[in-house]
Every structure is written in C-alpha cells, then in structure tokens.
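Trainee: First to last, the protein sequences are chains A and B. For the first sequence, numbering that gives the first Met the number 0 assigns the number 0 to the initial residue and increments by one for each residue that follows. For the second sequence, numbering that gives the first Met the number 0 assigns the number 0 to the initial residue and increments by one for each residue that follows.
Since the hints were derived computationally from the structure, they do not count as laboratory data. Every residue, glycine too, gets a C-beta built ideally from N, C-alpha and C. Check before you lean on any hint, since a few could be wrong.
Unchecked claim - Between beta-carbon pairs, the in silico distance windows are:
#: 1; chain 1: B; residue 1: T72; chain 2: A; residue 2: N43; range: 20 to 30 Å
#: 2; chain 1: A; residue 1: M0; chain 2: B; residue 2: A27; range: 32 to 42 Å
#: 3; chain 1: B; residue 1: G137; chain 2: A; residue 2: V62; range: 23 to 33 Å
#: 4; chain 1: B; residue 1: R37; chain 2: A; residue 2: P2; range: 41 to 51 Å
#: 5; chain 1: B; residue 1: R117; chain 2: A; residue 2: V64; range: 28 to 38 Å
To be verified - So the derived list for chain A, only partly shown, Cβ under 10 Å to chain B, looks like this:
#: 6; residue: S6
#: 7; residue: H7
#: 8; residue: V9
#: 9; residue: T14
#: 10; residue: T15
#: 11; residue: I27
#: 12; residue: A30
#: 13; residue: A31
#: 14; residue: D34
#: 15; residue: G40
#: 16; residue: F74
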Amino acid sequence: MPPKPDSHMVGAILTTLLCCLPAGIVSIVFAAKVDSLYRAGDYNGALHASSSAKIWMWISIGVSVVFILLGAALFFAGVTQGTTTSGY
Amino acid sequence: MGPHAPAHVPSARWSLRAGSAWWSLAGAAVAGAALVARDPHQQGSWLVCPLYAATGIYCPGCGSLRGVNDLLTGHVSAAVGSNALLLPALVWLGWWWLHEARAVVAGRRVGPAPSSARFCYVLLAVIAVFTVARNLPGSPLAP
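With the rest of the complex left out, here is chain B (with noise of 0.2 Å):
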C-alpha cells in the first residue's frame, strides 16, 4: 500500500465478522475435542516436531498441545508445565474473543485486536526470555 493509495477506511476482512465468532468457536470446539481424544502426551501421537528431532531445542511453542489437554482434563498446574505462556495467550485470545462477539451481538462494527506497541514488544521480550530460559538444563520451563 503506497502514499497514493486512498485513505479509506480498512476494512475488517481479517477481523472477527457475525458467523465467523461462531466458526472459530467451533473450531475450538473441535480441535480442544480432538486434543482429549487423542492423547498428545503419547509419543508420535500428533506427528513429530521436525525442530526438536532434528536440534532438540524447544521452541516456544513446545508443549502448547499437551497443555490444552491438560486444561481440558483438569490438570491446571499440569499445564503451566507444559507450556507457562499457553494459559495466558488463551486468557487473551478468550478475552479478544468475547470483546469481538460483543460487538458482532451490538451490532457494531467489528474492530482489529487490540495491540498496543508497548504490549507487543513486552511480548517478543516475554518470548525471547521464555525460550533460553527452557532450554537451559533442568529448566523447570521445559515441557
């Protein structure tokens, strides 16, 4: 998009619009399903992660399926272990959620997600710390 394009008003295509917070409910629905189905702490159960076969680093992400099944069947603390940012990116995803369905049932324009510059760099601090921190050895981090 370069200075000549006209200023319109962005439009809310890649935003949450009436039906689609119900799809990505859905989706949740199904994939938090499957993840207790099929057990992800069982070796292989879920593919492998080419990154860890081939480095054995863990990514920042490692351990985030294991933690929603341990959400979902109870195991809290379980789950901070698995992945100690999982808990609170489904906090804000959930919280972004119910913000956009508000405003889908009001009737109001659907807006983009909230992100201010500030919380966007405390996050990319936030995940570059996490991700030495649990490959140090013995990190209570790891997954």
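In isolation and in its complexed conformation, chain A is listed as follows (with noise of 0.2 Å):
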C-alpha cells in the first residue's frame, strides 16, 4: 500500500489554535480518519478524508481571513474606546 495521505494536521492545529474555527475541528476529524481508514487497509477512503481535511483546513483558513478583517472593521469602527474589549 502506498504510504499513508496527508492528515493536513499542521494547518488545522494552527488555524484552531489561531482563529478558533469550527472548520478547524471538521479538519481535525478527518485527520483522525486519515489514520483510521489508512490502518483498516482503506487508502482509496484515507485518500478521500485527507482532500476532505484539506479543503476544511482551507474553510478554516478562509474563514479566519474573514475574522480577521471583521476584527480590523470593528477596531476601525472604534469599539475600542469601551471596555469590553479585548485583543487576541
């Protein structure tokens, strides 16, 4: 059997650590399938999580872009001036 996919792991540890993304958990999950499946002898199924665990880590990423800039508005917007605010 070819070696095992990539789990996409890395991107998701750093995008949920980072941004706090529910799209970072779904990547997580699928990396845990990557392994499962690779284990029980499915690599056509391990294949399929990883591309699912990549294109949940980019929705992560995507989404932490957009987080991002909301935050940039709302700091430009002058939330700042009250006092429940708080950086990252």
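Two chains, two frames, some hints: make the complex.
Mentor: Take a look at the structure:
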C-alpha cells in the first residue's frame, strides 16, 4: 500500500489555535479518519478523507481571514473605545 | 477523489519541503519579533476579536498572541495563564518541524505530519473541555 496520505494536521492545529474555528475542528476529525481508514487498509477512503481534511483546512483559513478583517473593521470603527474589548 | 482515481503515491505538496522548512522558520521568527515589538497585552494593539467583542466568550485560541509574547519575554507561567494549550501546541509544532527538517537535511522524502486517530480524538476532547472550563466564572484558565 502507498504511504499514508497527508492528514493536514499542522494547518488544522494552527487555525484552531490562532482563530478558534469550527472548521479547524472538522479538519481534525478528517485527520483522524485518514489514520483509521489507512490502518484498516482502505487506501482510497484515506485519500478521500485526506482531501476532505485539506478542503476544511482551507475553509478554516478562509474564515480566519474574514474573521480578522471583521476584527479590523470593528477596530477602525472605534469599538476599542469601549470597556469590554479584548485583543486576540 | 473518487474510487476511480489512480492509486498514485500522494505528493508531499502540503508538507514541508526543502526550502519551505526555512521559510516557515523565518515566518515564525518574524511573527515572534512582531509580537515582542508590539505587545498584544495592550488592548486593541492587534485589532479586536469579533467573537469576544460580540459575545464575551473566550474561544480556545484566546490569549495565544499574549502567550507568545509572554514566552518570548521569559514569562513562562504567564504564558500558561494566557492560554494553557499554547505551550503544548508549540512543543508539538516544534517537534514536527524538527522531524521534517531532519528529513530535508538527510535528503529523504518528507512525509505528512504524524497524526494518529487516537491523538486527533484526544485533541478534540481536550479542546472541548478547555473551551468550557475557561468560560466558567472565575476560571483560572481564562486568558
């Protein structure tokens, strides 16, 4: 059997840690499936889970960018003048 | 990728390859320097978090920029207080980076990041418990 497909865990962990995204969580679930399917001998299944993990990693990165832009918009709109704001 | 796709050897496209090992190190160094130069403990110094501003909820990532600043200025216990998951995550990333960089130096093919199914599920459980725990009133895990 070919080597185990990439589970894209680094991207998943980075986006989950830095931007707290549900999409990062989905990516970690697919990363787990890559491993368990590969161990079960289902190479095509593992490959499929790997591409799903990749898609969710990119969704996570995309939502992170939107999230940061939203933060920038709030920042420049002067929300920081309030008392209930916080940085990342 | 459907069942008709050829069972080719997967590429290491999204893993570190020679060159990108050093680029990722340079990127981390730049990010670290920026977080020391502009202290994220200052409110609004690095924008605002829309989730926290809107709901007051601490997500599992909250405090990670402050934590990186704490670590780089030598305040390890403050870093744990900012985000208890930050240090283990950085250790994991550093271990992965060394693993990949060693393969690059040895001229071996670089494989995907190691991640067993058990590790992934334990990680998900830890993130879930951490998120709930840090949002409890008076929680020491709050950033």
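Trainee: Per the CB criterion, is A31 (chain A) less than 10 Å away from chain B?
Mentor: holds, 3 Å
Trainee: Taking 10 Å as the limit, does the beta-carbon of V9 (chain A) come near enough to a beta-carbon in chain B?
Mentor: Holds. Min distance 5 Å.
Trainee: Taking the least C-beta to C-beta distance, is T14 (chain A) closer than 10 Å to chain B?
Mentor: With a closest approach of 9 Å, the T14 (chain A) hint holds.
Trainee: Does the CB of D34 (chain A) sit less than 10 Å away from some CB of chain B?
Mentor: Result: holds, 4 Å to nearest chain B Cβ.
Trainee: Taking the least C-beta to C-beta distance, is A30 (chain A) closer than 10 Å to chain B?
Mentor: holds, 5 Å
Trainee: Given a hint of 20 to 30 Å, does the C-beta separation of T72 (chain B) and N43 (chain A) actually sit inside it?
Mentor: Once the Cβ atoms are compared, 49 Å apart, the range 20 to 30 Å for N43 (chain A) and T72 (chain B) is violated.
Trainee: Does S6 (chain A) hold up as a contact with chain B if the rule is Cβ-Cβ below 10 Å?
Mentor: holds, 5 Å
Trainee: Is the distance from the Cβ of R117 (chain B) to the Cβ of V64 (chain A) consistent with 28 to 38 Å?
Mentor: For V64 (chain A) against R117 (chain B), whose Cβ atoms are near 32 Å apart, the range 28 to 38 Å holds.
Trainee: Restraint: F74 (chain A) near chain B, CB-CB cut 10 Å. Satisfied or not?
Mentor: holds, 4 Å
Trainee: Take the shortest C-beta to C-beta distance between T15 (chain A) and chain B; is it under 10 Å?
Mentor: holds, 7 Å
Trainee: With a cut-off of 10 Å on the beta carbons, see whether H7 (chain A) makes it to chain B.
Mentor: holds, 6 Å
Trainee: Tell me if I27 (chain A) is really an interface residue toward chain B, meaning its C-beta lies closer than 10 Å to one of theirs.
Mentor: holds, 5 Å
Comparing the model with each earlier hint shows violations of hints 1, 15; every other hint is respected.
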